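Under this note's numbering, the residue at position 195 of the sequence shown is numbered 222, and the numbers go up by one with no gaps.
Treat the hints as calculated values from the structure; they're not laboratory data. Please read these numbers as outputs of a predicted model, since none were measured by experiment. Where is the CB? At the ideal position from N, CA and C, for every residue including glycine. Check before you lean on any hint, since a few could be wrong.
Said to hold, decoys possible - Simulated restraints, written as ranges between beta carbons of each label pair: (1) Asp344 x Val107: 28 to 36 Å; (2) Ala213 x Arg99: 38 to 46 Å; (3) Tyr43 x Ala122: 45 to 53 Å; (4) Arg226 x Leu80: 20 to 28 Å; (5) Ala122 x Ala242: 44 to 52 Å; (6) Arg101 x Ala212: 52 to 60 Å; (7) Arg280 x Ser339: 47 to 55 Å; (8) Phe151 x Ala212: 26 to 34 Å; (9) Trp321 x Ala296: 20 to 28 Å.
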Amino acid sequence: MAGKDRRSRRATRVLYGAWIGALVGVVVAFSEGWPGPDSKFTNDLLALLFLALCFLTFSLRGLDALAAAPRRPRQRVLDVVAMVACWVAAVAWLAVAVRYTPQGRLGIALLVGPPLIGFAAGFFYLWRAVGGLTGDYLTGGISRLLEPRLVSTDGDAAARGATPTGLAGRREYALDRRSIVARLAAVVAIGCGGLWWLRGQGPSLTGEVMQALFALMFVSSIATMARIAFRWGPALVLDEAGISIAAGLASVRRVPWVDVKSLSLKADAFNSGLVIDVVAPERLIADASAFRRWQMNATRRRYGSPIVVPASFLKCDAGELLAAASAYRARFGGGGSAA
């Protein structure tokens with residue numbers, strides 16, 4: 028827990044540093060003549076900088092970046108007062124600086140820098156003041172679609188007596204290829220539509236970079252889903268030793284029962300997944316490759332565990348899968364490590 032808190036604080040410092048550095052960069056760009064025609068800093072570079080910062084923010088914070096922490100009414104009133112004070116100070120500085128600021132780069136930086144900081148600080152206090160509103164509506168609305176919610180746990184399955192029969196030997200689950208092909212078709216349609224729209228925006232550096240990034244995500248998504256869809260053999264196997272998972276469905280191929288701390292079922296508006304909470308997730312992540320570490324950390328932030336099996340891709344009822352896995356774990360718990 029202490030390590031996780033340290034990583035969270037480090038990520039917060041990185042985010043603050045990145046946004047402050049970008050703000051300083053914009054001020055320097057103004058002093059260099061932007062948005063004039065001779066400036067090396069262009070509108071395209073500003074758009075790419077903003078996109079890069081948004082990507083960094085959501086990579087480190089997820090949907091939590093959209094909503095501020097809950098604030099008491101008195102704190103929100105103080106935030107509103109601070110917001111108004113920042114904006115009034117920024118406007119007052121502009122009114123005074125226009126008259127008395129000297130010509131040249133230093134004058135432009137003095138004219139633009141403090142008001143830009145003041146307006147940015149005002150928007151920060153506005154964001155904090157309406158944190159509850161964004162949490163309830165903006166983040167809450169997106170969360171209902173994208174954020175997985177807890178549906179059931181292994182304890183719930185045991186309490187309902189949902190213990191399947193015939194636990195001896197193996198229990199295999201096949202891929203639901205019809206579901207995967209339908210999702211693949213949806214990805215292709217969205218990808219082609221997005222690329223067509225980007226191509227119609229005219230030539231620009233931002234457009235070219237966005238097209239390249241969109242094409243990369245589009246092709247990688249198709250390759251990942253095609254790799255899953257066009258393979259043979261069982262997608263998931265439960266046996267006395269643990270859970271065996273087909274390549275591409277999860278971040279690991281094998282999880283022994285001794286490493287499974289708990290099982291749960293989580294779902295969003297589009298998918299459901301069997302969440303396998305392991306005993307030592309930090310060790311499991313540390314032993315993975317760089318790309319897989321990033322992937323497992325993202326999965327852990329989203330689901331609370333680095334190992335999630337998409338039940339929507341299997342030919343089975345998600346509740347029955349959870350009950351079966353819970354029963355196997357209760358009966359065949361043994362030694363081993365995830366790999």
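Taking the numbered hints from earlier one at a time, note which ones the structure violates and give those numbers from smallest to largest. 1, 3, 7, 8
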